[in-house]
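So the sequences go chain by chain: Z and X. Okay, so the first sequence: first residue is 8 according to the numbering used here, each after it adds one. Okay, so the second sequence: first residue is 210 according to the numbering used here, each after it adds one.
The set of hints was computed from the structure by calculation and includes no laboratory data. Where a beta carbon is used, it is the ideal one built from N, C-alpha and C, also for glycine. Watch out, some of these pointers could steer you wrong.
[To be verified] Each pair of labels, with its calculated beta carbon distance range:
1. Z:Gly34 <-> X:Gly409: 33 to 43 Å
2. Z:Gly53 <-> X:Thr514: 49 to 59 Å
3. Z:Arg104 <-> X:Arg533: 18 to 28 Å
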Amino acid sequence: MSAQSYGRTFWIAVAIGAAVMAYGAIGLVSDAGFGASTNVAAWLAGADVANDVVLAPLACLVGAAVARVLPRWCRAPVQAALLTTGVLLIVVFPALRGYGRDTVPDNLSVDPLDYTTSTLTALAVVWAAAGAWLVLGLALSGVGRHRRPTCATPRGRSTLRR
Amino acid sequence: MIEQATPRVFTSRLHDERNAAILGVALGVTFTVCFVTGVLSHLIQDPPSWFQWPSRPAGLYRVSQGVHVATGLASIPLLLAKLWVVFPKLFAWPPFTSAAHIVERLAIFPLVAGGVFELFTGLSNVHLWYPWPFNFRSAHYWVAWITIGALVVHIGAKWAATRAALFVDDASTDIAPAPTATTSAFDRRTFLASVFAAAGAVTVFTVGQTVSPLRKLALLAPRRPDTGPQGFPVNRTAATAGVVEAAHHADYRLSVEGKVRRKLVFTRDELVAMPQHEATLPISCVEGWSTTQRWRGVRVRDLLTRAGADSDAEVRVESLQRRRSYRSSDLNRWHAHDPDTLLALEVNGEALDIDHGYPVRLIGPNRPGVMQTKWVTRLVVQ
């Protein structure tokens, strides 16, 4: 990563941005009070930690594991489907755990579905799409591979696959 | 100039400037859209003296708030992908290369924390789940300003680098180690396509909560526009609001008072006997769901005329609810005198369900759901 130069534009942005941030911070304290504002600050710090200590390292580990374990020909669709699965689970997890329903037990219109079934349905669609991508990709590359045998690709198969 | 280095443990070629730039531009757009639509919603609910929200077009708030929630949900994969791409920079050494660099990196904390906070609290709020010890609306609103301020600093710092990364040849921008370490079939194009596809999947599986034709696809949405009493959702039930007894009581009256020539008092039957007006209007919740229904009831402006109120009068609409926020809402002069602003007695040909506001609810064009006051008992002309 190369060091970066900072011009006048940067310092103008700092001035504007700092003013906007100060407006938000002062507004928060005067609206919510000091006690609630410290709670908000704690949750802000927690949000940062949740990403930097949990989510991002987890994504790195899963990505590295998939890259190591899976053969190259199926890696891309599986990575894409895993990424989408993770995101969809984040979006639906309050409903999946019933958190919303628990706060308003007499309101049957909040989180009204059987979210286990509906989440599995959505994930089935995602993995079916990944499967279609895989099959289509293999078919297309197969066509390309088997076409013209050359010195570099005897029997029409690329030797550069691994 | 001092050069920074990132740890070699991050071998993926996807941790590079071009991915960071492309996702950064996408997030710049989605966060700006969320911020503008969010501030708008806030102004509508708490209007300062210089702001008057019109009553037309009737579905404008439905669109702006639908966009706010859908864009926020779609930002979740974009933000997580962006933070993953730049994750190695967190461990760059030396941590600072100049005074300006210290300022830039300090602004990253409110940006990341604020971004994650806004998306998490927004997501929880659409599920009506509040696991924190502070008021959602206040915190979500003010932290949005902090986040946008940090975003301005970040854009100022990254403007040149982003332009450079976007407008130079794809191959020459790779800054990670050579691809020998772990060759991956998951290249840049595939990675970015997957991130945007994930954002698309989130949208497809949730946007049906407000785009009715897609409701069957809303597998992950907290609401279905066709599910609830009388076929549409409720945010606060009569039992939660503590109004069941008062709403069914024989002593229930609707009064029109305040700055009027004649104070008026009606029983529900007397309201039913008045000229009725029908309007097909959306009810558009702040949480991002919406649904269009056919309402029937008495025009607010007819009541104002009968009471002898001024033709540009503003009105406070009060509920039977004793406590809690949203027990009343204000009609500015446009909303109060719009021909479709009703005190509804019926929906789709039936008397209102008590959870939809029986005996009488306010329904008007282009208003947030929380300002469509239910269990109305008093109109106070201002």
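Inset, instruction - Could you see if the CB distance from Z:Arg104 to X:Arg533 stays within 18 to 28 Å? - result: This hint holds: roughly 26 Å between Cβ atoms.
Legend entry - Cβ separation of Z:Gly53 and X:Thr514, checked against the hinted range 49 to 59 Å: holds (55 Å)
Legend entry - 33 to 43 Å as the expected CB spacing between X:Gly409 and Z:Gly34, which holds or is violated: holds (35 Å)
Hint compliance for this structure: every hint is met.
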